[in-house]
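A.B. asks: Residues per chain are reported as follows:
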Amino acid sequence: MNNPLLEFTEKGIYCSEAKVYLDPWKPVEKAIITHGHADHSRWGHKKYITHHTNVPIIKHRLGDINVSGVKWNETFTINNVKFSLHPAGHIIGSSQVRVEHKGEVWVFTGDYKTEDDGISTSYEIVKCDTFITECTFGLPAFKWTPQQEVMDSINNWWLENQAEGKTSILFGYSLGKAQRLLKYLNPEIGKIYTHGAIEKMTEVLRPIVDFPETTLITRETQKKELLGNIVLAPPSAHGSTWIRKMVPYVTGSASGWMTFRGARRRRAIDKGFVLSDHCDWTGLLDSINATGAEKIICTHGYTDIFSKYLREQGYDARTEETQYGEDETASENEVELVQSKQ
Amino acid sequence: MKKFASLIKTLDSTTKTNTKVSALAAYFVDANDEDKVWTIAILSHRRPPRPVNTTLLRQWASELSKIPMWLFEESYHIVGDLAETIALVIPFAAKETDKSLTQFLNEMILLKKKSEEDKKAYLFENWESLDYYERFVFTKLITGGFRIGVSQKLMTKALSKATGINEDILAYKLMGNWDPSAITFQKLVLEENKSDYLSKPYPFYLAYAIENEVEDLGDVNEWSAEHKWDGIRSQTIFRNDEFFVWSRGEELVTDKYPEFETLIGIIPNGTVIDAEILPFTENTIGTFNDLQSRIGRKTVTKSLLKKVPVILKAYDLLEWEGKDIRQLPFVERRKLLEKLFRKVTSNNENLPLHLSETISFDNWEAVAEEREKSRELHSEGLMLKRKNSPYQVGRKKGDWWKWKVDPLTIDAVLTYAMRGHGRRSNLFTDYTFALWNENEDGKKELVTFAKAYSGLTDAEFRKVDAWIKKNTLERYGPVRSVTPEHVFEIAFEGIALSKRHKSGIATRFPRILRWRKDKKIDEANTLADLKALIPTIKKVANENVKS
Numbered sequence: 000m001n002n003p004l005l006e007f008t009e010k011g012i013y014c015s016e017a018k019v020y021l022d023p024w025k026p027v028e029k030a031i032i033t034h035g036h037a038d039h040s041r042w043g044h045k046k047y048i049t050h051h052t053n054v055p056i057i058k059h060r061l062g063d064i065n066v067s068g069v070k071w072n073e074t075f076t077i078n079n080v081k082f083s084l085h086p087a088g089h090i091i092g093s094s095q096v097r098v099e100h101k102g103e104v105w106v107f108t109g110d111y112k113t114e115d116d117g118i119s120t121s122y123e124i125v126k127c128d129t130f131i132t133e134c135t136f137g138l139p140a141f142k143w144t145p146q147q148e149v150m151d152s153i154n155n156w157w158l159e160n161q162a163e164g165k166t167s168i169l170f171g172y173s174l175g176k177a178q179r180l181l182k183y184l185n186p187e188i189g190k191i192y193t194h195g196a197i198e199k200m201t202e203v204l205r206p207i208v209d210f211p212e213t214t215l216i217t218r219e220t221q222k223k224e225l226l227g228n229i230v231l232a233p234p235s236a237h238g239s240t241w242i243r244k245m246v247p248y249v250t251g252s253a254s255g256w257m258t259f260r261g262a263r264r265r266r267a268i269d270k271g272f273v274l275s276d277h278c279d280w281t282g283l284l285d286s287i288n289a290t291g292a293e294k295i296i297c298t299h300g301y302t303d304i305f306s307k308y309l310r311e312q313g314y315d316a317r318t319e320e321t322q323y324g325e326d327e328t329a330s331e332n333e334v335e336l337v338q339s340k341q
Numbered sequence: 000m001k002k003f004a005s006l007i008k009t010l011d012s013t014t015k016t017n018t019k020v021s022a023l024a025a026y027f028v029d030a031n032d033e034d035k036v037w038t039i040a041i042l043s044h045r046r047p048p049r050p051v052n053t054t055l056l057r058q059w060a061s062e063l064s065k066i067p068m069w070l071f072e073e074s075y076h077i078v079g080d081l082a083e084t085i086a087l088v089i090p091f092a093a094k095e096t097d098k099s100l101t102q103f104l105n106e107m108i109l110l111k112k113k114s115e116e117d118k119k120a121y122l123f124e125n126w127e128s129l130d131y132y133e134r135f136v137f138t139k140l141i142t143g144g145f146r147i148g149v150s151q152k153l154m155t156k157a158l159s160k161a162t163g164i165n166e167d168i169l170a171y172k173l174m175g176n177w178d179p180s181a182i183t184f185q186k187l188v189l190e191e192n193k194s195d196y197l198s199k200p201y202p203f204y205l206a207y208a209i210e211n212e213v214e215d216l217g218d219v220n221e222w223s224a225e226h227k228w229d230g231i232r233s234q235t236i237f238r239n240d241e242f243f244v245w246s247r248g249e250e251l252v253t254d255k256y257p258e259f260e261t262l263i264g265i266i267p268n269g270t271v272i273d274a275e276i277l278p279f280t281e282n283t284i285g286t287f288n289d290l291q292s293r294i295g296r297k298t299v300t301k302s303l304l305k306k307v308p309v310i311l312k313a314y315d316l317l318e319w320e321g322k323d324i325r326q327l328p329f330v331e332r333r334k335l336l337e338k339l340f341r342k343v344t345s346n347n348e349n350l351p352l353h354l355s356e357t358i359s360f361d362n363w364e365a366v367a368e369e370r371e372k373s374r375e376l377h378s379e380g381l382m383l384k385r386k387n388s389p390y391q392v393g394r395k396k397g398d399w400w401k402w403k404v405d406p407l408t409i410d411a412v413l414t415y416a417m418r419g420h421g422r423r424s425n426l427f428t429d430y431t432f433a434l435w436n437e438n439e440d441g442k443k444e445l446v447t448f449a450k451a452y453s454g455l456t457d458a459e460f461r462k463v464d465a466w467i468k469k470n471t472l473e474r475y476g477p478v479r480s481v482t483p484e485h486v487f488e489i490a491f492e493g494i495a496l497s498k499r500h501k502s503g504i505a506t507r508f509p510r511i512l513r514w515r516k517d518k519k520i521d522e523a524n525t526l527a528d529l530k531a532l533i534p535t536i537k538k539v540a541n542e543n544v545k546s
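Going down the list, the sequences are from chains A and B. Quick note on numbering that gives the first Met the number 0: the first sequence kicks off at 0 and runs consecutively. Quick note on numbering that gives the first Met the number 0: the second sequence kicks off at 0 and runs consecutively.
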């Protein structure tokens, strides 16, 4: 019997036919990269292939690498294996990878979400035989409310804090969540300040997306001028001396994990907003159904529980160990990191 | 219900006491009187009895959300709270309800007697017509245990803010067995009652742990030492032929200690005693473990009174002949206390009133020696009080110091882990530890001896959590057995033989002292090492006052 089209090896997901890895976690010759988060685009590969909007992102993060950008739905063939990238809707420039060989089609999602956030190109359903999916939020407890509603409540929260003369500090990952929040914050309420990591990443993305104006917080920034305004910061900044200088402030966090009361209290965050760049339970089930795939491989998240449920629903579903969700900008993402090691 | 749910949401989304008090106070101004009474009842643990058991709740929630039972259970283990899980998994229906909190509670009271079908229909209807937070609160009311970081004290504070009535008086008004479905807000809270002032306690004077060497306290002759008894610090008030017992948390707990009623008439009116409530049988002070069965109970049965009788071990006298004497020097107050004690005990036998003996020493070495006896005496160590100190308010440094015995410690192996609750749900932070023991075949095996869930930093917990997730051997519901690999130093305050424990030993307040990364599991202690730590218990005579 031939090797399966995609195999799970020590270095990552491997197509032996084409000698290409997908989002490998160890250095390889040639890697197709779904998106710019650190657990998917790692340092040290000789050749990177990714969507062209992701090129500036990974160059910013990984430095001078050998990378070529491709368009959505543009088929490129390596050793008779056809590859194409399709929007995953996770963050700006995030793709699913479609792999076709001898009439058999596999799709690797990387990370994805089904709701159109208006800045990442909207998730596309790609028909396939085998679907390799994440299931970060693969529990029926996770149900997202529409982005508009969440953003309205964030803007209202900002207004409330402003009325009390306090600074709002909103935590979100520096790549993806921060820009999604920024895009929909209402600049009429006040000024939007940023932490350096977020400011730099946003700078990289400004040529692609139209964002409201931001002001970088520097040593010279006076505490007084922040009052009533909002600060976008990565989660790692929580509890740091950088933040403590901003009293009086109120903290908020935007993440799927904010579903759990415990997650918010554990991190001592005042207000939690449930806003995720991953699929919720229904989003996962609907997209799996829509691909028409019979074989499902779960890579990270509540994999055991989710694949067991899929098997009960009649899918040929299994779990494969990967290192996704593990290292994703470790300090910046610790709640998520801990969860996805399930 | 909308108002109450939004109150709970606000309380839930802040860690700041002041914000909580303001939110509650605003609610107490705004809500209707019936709902206020019920809110007070709920926050002081006076819920109606649980109308539906949790097994049925789980079944029905899984049915309504169309997910298999095992998936519901897995979700519950991960979320860590049943009401929260139910509120999360049930699909949102666009129905609405305007029923008040009182209506809901009245329905729940009636629900208890209804048939299973009626119960199910009631739950389905309400689960589907409430939004997420209302559903969470509704289910919480059914399952009980409304722990949302609002103590009775905080609630009383807010009520005081809203009504302008003194906090201590409110605390007194709210005690006892009132029925929230029968009493009015006017009667419960607003109406003035002469007896409200009778129970008013003095703020407790609390001590810090000694920081430096005990010799640094100076001349030993200026100090009085006594044992720091391991029970419930309390203030007992005798006024107007009534008595009131306050715990250190400033909770009125009179109902829980009916045996002190015999002291009325014997101890004159206008007397307030600072004392430790201690279990006492067969002329021996019991352990805190014994007392625990008295603390948790709402109603104190006759058999419990007989099984765990308690006494007051008196430390200090705060009011005498109706006068506040807290400004008198400690030795003077003690003289009055001892005079009172001798007088009442000479005429009456077996009173539940004992004296905590003060001990004078010539040098600090002798004090240190006395401290070494603490464990045998079931005390936590010594209290050192400056002889001329007044009785101060709150926790103050300088005149009073606690000098506790060092905790006992042992090196144990991590064997099981469970997810924490509340703030720690979804992190494995509740651990079970084991010690080595030789079984009948002479083989070494690990025997569970204690559970601990505190003592590590958040960062350490995260590391252990990540390790547990990678090194799980088996899962038993929420519990995982893990590869025996890590050794932790476990500290605990007390130790006693116990039939209820697999190891045959119960430890008091076990907690993790540190992660012994330097030790391999072979170097962990044995059960025999642990048993060797059990002190031989001394009988304590009551009257041997040395000072």
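FYI, nobody ran anything at the bench for these hints, they're computed from the structure. Glycine included, every Cβ here is placed at the ideal spot set by N, Cα and C. Don't take every hint at face value.
[Claimed, not checked] Computed far set for chain B versus chain A, every beta-carbon distance over 10 Å:
(1) ASP11
(2) ARG57
(3) PRO90
(4) LYS322
(5) GLU375
(6) GLU437
[Stated by the list, open to error] Chain B regions said to be covered by chain A (calculated; three or more residues, Cβ under 8 Å):
(7) 61–67
(8) 507–520
A.B. asks: Against this structure, judge whether each hint is valid.
C.D. replies: Okay, the hints, checked on the actual structure:
1. ASP11: violated, 6 Å
2. ARG57: Answer for ARG57 (chain B): holds, closest chain A Cβ roughly 13 Å.
3. PRO90: violated, 8 Å
4. LYS322: Holds, since 45 Å exceeds 10 Å.
5. GLU375: Its Cβ never comes within 10 Å of chain A, the nearest being 41 Å, so this holds.
6. GLU437: holds, 36 Å
7. 61–67: With 3 residues closer than 8 Å to chain A, the stretch 61–67 of chain B meets the three-residue bar; holds.
8. 507–520: violated (count 0)
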